[in-house]
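Enquirer: This is what each chain is made of:
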Amino acid sequence: MSERDALIDAQLDAVDEALSSGSVTATEDLERELQELALALRAESPDPDSGFAAELGGRVRDGFPRKPRLAWLPRLGMPQLAGLGVAASILAAAVVVAALVPASEDNVDLGGGGSAAVEQPAPEPLEDSIDKRLRQAAPAESGDAPAQSPAATSDEGFAPGRRERAIERSASLTLAAPGDRLDRVAEGVTTVTERYGGFVLRSSLGTGDEGTAGGSYELRIPEARLQPALRDLAKLGEVRSRTQSGEDVTSQVVSASDRLEAARAQRRGLLRRLESAGTDTAVEALRAQLDVNAREISGLRASLRGLRLRTAYAAVSVELQAIGDEDSGFGDDSRGDGLSGALDDSLSTLSGSLELLVRALGALIPLGLLAALGWLGVRALLRRRREGALV
Amino acid sequence: MNPLHVRSGGVNEAIAAPMAPAASDIPDETFACLYEHTFPRVYAYVASLLRDRSAAEDVTALAFERAYRKRRSYRPGRGSPEQWVFGIARNAALDELRRRKHRAGLEGDPEDVGAPTAEDHAELSLRREVVRAAMAGLGGQERDLVALKFMGGLSNAEIAQVLGTSESSAGTRLHRTITKLREACHERA
Chain A
14 MSERDALIDA QLDAVDEALS SGSVTATEDL ERELQELALA LRAESPDPDS
64 GFAAELGGRV RDGFPRKPRL AWLPRLGMPQ LAGLGVAASI LAAAVVVAAL
114 VPASEDNVDL GGGGSAAVEQ PAPEPLEDSI DKRLRQAAPA ESGDAPAQSP
164 AATSDEGFAP GRRERAIERS ASLTLAAPGD RLDRVAEGVT TVTERYGGFV
214 LRSSLGTGDE GTAGGSYELR IPEARLQPAL RDLAKLGEVR SRTQSGEDVT
264 SQVVSASDRL EAARAQRRGL LRRLESAGTD TAVEALRAQL DVNAREISGL
314 RASLRGLRLR TAYAAVSVEL QAIGDEDSGF GDDSRGDGLS GALDDSLSTL
364 SGSLELLVRA LGALIPLGLL AALGWLGVRA LLRRRREGAL V
Chain B
3 MNPLHVRSGG VNEAIAAPMA PAASDIPDET FACLYEHTFP RVYAYVASLL
53 RDRSAAEDVT ALAFERAYRK RRSYRPGRGS PEQWVFGIAR NAALDELRRR
103 KHRAGLEGDP EDVGAPTAED HAELSLRREV VRAAMAGLGG QERDLVALKF
153 MGGLSNAEIA QVLGTSESSA GTRLHRTITK LREACHERA
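As given, the protein sequences belong to chains A and B, one line each in that order.
First residue of the first sequence: 14, per my numbering; consecutive thereafter.
First residue of the second sequence: 3, per my numbering; consecutive thereafter.
Hint data in this document are derived by calculation from the structure and do not stem from the laboratory.
Wrong hints could be hidden among the right ones.
Unchecked claim - Short derived list, chain B residues pointing at chain A, Cβ under 8 Å:
id, residue
1, Thr32
2, Cys35
3, Ala138
4, Val148
5, Arg175
6, His177
7, Arg184
Said to hold, decoys possible - Computed Cβ-Cβ distance ranges for the label pairs, DEER-style:
id, chain 1, residue 1, chain 2, residue 2, range
8, A, Glu68, B, Lys72, 19 to 29 Å
9, B, Ser75, A, Ile103, 21 to 31 Å
10, B, Lys72, A, Leu383, 50 to 60 Å
11, B, Gly141, A, Ser36, 45 to 55 Å
Note that this is a predicted model, so its numbers are computed, not measured.
Where is the CB? At the ideal position from N, CA and C, for every residue including glycine.
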């Protein structure tokens with residue numbers, strides 16, 4: 014400490030001594046003078062008016078009563094107001110983030126943009142499957158017809174008078190589910206189809222950056238079990254569209270059956286004539302007619318088989334669409350079974366919440382830093398402006 | 003000397019004692035005690051700074067009401083309750099000064115805040131006039147310092163806390179101001 018600092022301290026101590034004792038106590042002239050000045054300055058202290066003092070004292074005792082305010086308005090302190098401010102900021106940031114974040118791969122159509130279509134093989138070759146199941150559904154026609162089959166003919170009309178109608182049914186269903194759950198929905202489609210004795214004719218699933226982007230299934234489901242199967246399929250996801258149609262093909266079945274019967278009768282007659290043919294020329298001509306007849310029978314059998322397949326099995330097409338988590342509104346049945354499904358759901362929800370929180374924080378932290386800097390700047394500015402009144 | 007202006011050394015200790023160290027709330031009873039101990043000095047400080055009794059009453063009342071409303075935000079770590087109240091009063095007084103700066107600057111004629119009575123001794127009366135004139139010659143920041151020290155009765159450390167500066171800096175500035183006042187009194191005497 015320098016000599017000057019020591020002198021200053023001594024003089025300030027002398028001033029404090031005079032203020033605390035209320036008298037001049039120093040022996041040194043300068044310090045005595047300062048003590049006298051200090052006492053004189055304190056003597057200049059203005060006293061408050063007694064009326065004002067009494068009034069303000071009363072207000073203090075009453076706790077500074079406020080003017081009447083609306084009763085329903087809660088009285089919020091700074092912590093509550095700060096909490097409300099933070100909550101409002103988070104909400105605003107979440108809204109901004111939700112509005113600014115572009116649509117994810119979940120909403121990309123099949124085969125579009127960055128998604129890659131992956132064709133899944135059908136469970137078995139189409140023709141084999143149809144033949145096998147047709148034979149199971151209806152007894153096969155007998156005979157050794159050649160494999161070549163002409164185009165089936167179809168007659169217009171509705172075959173009145175027949176009690177058993179042949180109805181060709183079809184249905185289409187569009188299911189939506191979050192992209193990360195679409196695989197499970199696709200498995201569910203296969204499971205439901207097999208549960209009702211049907212089969213998957215064709216399927217495709219498209220994958221994107223964030224899971225499955227979409228897919229389509231062509232199913233064949235026994236006509237008699239179509240409705241319960243559709244109900245179970247609808248439970249797999251959010252049903253965006255659902256259509257059903259039926260076409261009466263009884264007349265086509267009747268026509269094909271009648272023509273097949275006629276062709277077989279013709280074959281029997283040709284065979285009888287072949288047995289009694291006397292010349293080689295007659296034999297060759299009959300063989301040629303039998304070949305034509307065989308092709309006709311084969312074509313009619315294929316046509317009839319196709320008709321029976323189409324009426325015995327309903328054609329169901331299922332379209333799978335990926336949607337964002339926030340858009341999904343389907344029940345728990347589509348999200349898997351039991352505890353594992355529930356755990357998956359809760360983890361997915363938690364993950365989504367964390368993702369939203371991180372994005373919100375990403376926006377809030379810079380905003381908070383800016384706000385803090387602004388607040389500090391405003392405080393410094395206000396202080397300088399106040400101090401400016403003394404300059 | 004007005005006994006109200008004699009500072010009670012244990013005021014802050016008495017007020018702070020019932021409160022836990024981390025408490026940030028001043029109970030009503032404690033606030034009333036704080037008010038009783040600081041009101042005359044806060045008023046004297048504000049009146050000396052503003053040189054307007056009417057405005058000083060308004061500002062003093064406003065300062066105590068603000069302190070009452072904000073009593074839950076008081077933090078013991080930032081200083082004693084007295085310093086806190088003086089800080090609020092100072093801000094209110096500076097706001098008032100700033101509002102009316104264009105019509106009444108600090109350099110104006112000193113108001114007769116304590117007019118001498120008939121029984122005042124002639125020498126005392128003369129001395130008071132000299133001191134008032136010297137005070138009128140001070141700048142705003144110097145007047146603020148003198149008012150905090152001699153009217154508000156704050157220690158140098160408390161003044162430093164209110165002004166947001168160090169104790170040594172506050173002491174040095176105070177010494178410079180007192181010296182300036184002394185020289186001004188000599189000139190006028």
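Enquirer: Any of the earlier hints contradicted here, and which numbers?
Expert: Result: hints 1, 2, 3, 5, 10 and 11 break, sorted rising.
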